[in-house]
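Here is how the chains run, residue by residue.
Number of protein chains: 2
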Amino acid sequence: MNTIITISRQFGSGGRTIGRMVAEKLGIPCYDAEIIEKIMEETGFEKKFIEEKGEHTNMGGWLARAFAEHDFYGQNTQDYLWTVQKRIVRELAEKSDCVIVGRCADAVLGEKEKVIRVFIHADQEARAKRIVEQYGERPESPEKRLKDKDKKRAGYYQYYTDLKWGAAEHYDVCLNSAHLGIDRCVDIISSLY
Amino acid sequence: MNTIITISRQFGSGGRTIGRMVAEKLGIPCYDAEIIEKIMEETGFEKKFIEEKGEHTNMGGWLARAFAEHDFYGQNTQDYLWTVQKRIVRELAEKSDCVIVGRCADAVLGEKEKVIRVFIHADQEARAKRIVEQYGERPESPEKRLKDKDKKRAGYYQYYTDLKWGAAEHYDVCLNSAHLGIDRCVDIISSLY
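Chains as they are written, first to last, in my numbering: chain A, 1 to 193; chain B, 1 to 193.
None of these hints come from the bench; they were simulated from the model. Ideal placement from N, C-alpha and C gives every residue a C-beta, glycine not left out. One or more of the hints may lead you astray.
Pairwise CB distance ranges (calculated) [unchecked claim]: (1) B:K164 - A:G110: 21 to 31 Å; (2) B:K152 - A:E91: 15 to 25 Å; (3) B:E42 - A:T3: 41 to 51 Å; (4) A:Y193 - B:G136: 34 to 44 Å; (5) B:T3 - A:D79: 41 to 51 Å; (6) A:Q78 - B:E37: 47 to 57 Å; (7) A:A154 - B:V132: 30 to 40 Å.
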């Protein structure tokens, strides 16, 4: 049974950096949003998915497209991407132990693998500093940007998982990366592996 | 500046046990609900508090009591206990480094001390088992008992602190004691001291 470390994180908390450092320390792969999107493109998952759905749906290709051009056989684009992502996350988890950052992996996995669920957060001030310095965000109102991003993440997560994003009880460990420091977070998470 | 470890916890999660073990490991005192109540009785805090309030309130003793027998000079019993508790928690924090379990200490402290805020939780099944085995609760519907106790704690906390109990972002570290085990929780918390 593979062990998967999932990292949910507030925007600007350094969760992705922590995920990469944990993976490096443990010698296992780390998949984040960018990498998973790249996999989606490279593997032609989209094509395969559409073909499969096409075989099983009552509402065939041209009819579905006629109803809504941005729909994929009755699913809207977001639902479609959710389904694809979920399958990719599950396939990655079946391959080997790994770290997965974001993508609601904590809610998607758990039946076939041992999951260590982590949530990383930090004070607003520390996150605002981080997104300006490290992510190259514009310094105008980073607070608003943080609020918008977190609101979207929370909404997306809740919509697809029926769980409350950032509620301590959903995770094995939640850490404040600003108070504890990135290195200590990496140590704590690695020690749970 | 004293360092105070505050432990908030879901009912039946073993938070009190973890607090005591952390304190023992670090060689500092641990104050939990029972101990704080005992201090309240022993120090005659109640008497002192009433005398003080009596000097400053416009609505003197007999009049206040006439309006509501369970009121203490305009405060109801719960508000009164909250004020006393808050003062005792602050006095304890001024004395020395320590662990404080419950009593909203995480929200009360922070101005004059370095606070390490911890939240301990666990799966419902593990907590139900714990309260029957260790706390001697009756085995009939421990789930309902857990729900009631947590609801009360969350409501009390939110009412007096304006914060959401169990939201990861309020704490430095949140740990699932059932998945991680009591000993590992103790190790992680002690390592932050």
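Tested hints:
1. B:K164 - A:G110: 21 to 31 Å: Because 25 Å falls inside the window, the suggested range holds.
2. B:K152 - A:E91: 15 to 25 Å: violated, 44 Å
3. B:E42 - A:T3: 41 to 51 Å: About 50 Å separates the Cβ atoms of E42 of chain B and T3 of chain A, which means 41 to 51 Å holds.
4. A:Y193 - B:G136: 34 to 44 Å: At 36 Å between Cβs, range holds.
5. B:T3 - A:D79: 41 to 51 Å: holds, 49 Å
6. A:Q78 - B:E37: 47 to 57 Å: holds, 52 Å
7. A:A154 - B:V132: 30 to 40 Å: Holds - the Cβ-Cβ distance for A154 of chain A and V132 of chain B, about 35 Å, lies within 30 to 40 Å.
The structure shown violates just one earlier hint, number 2.
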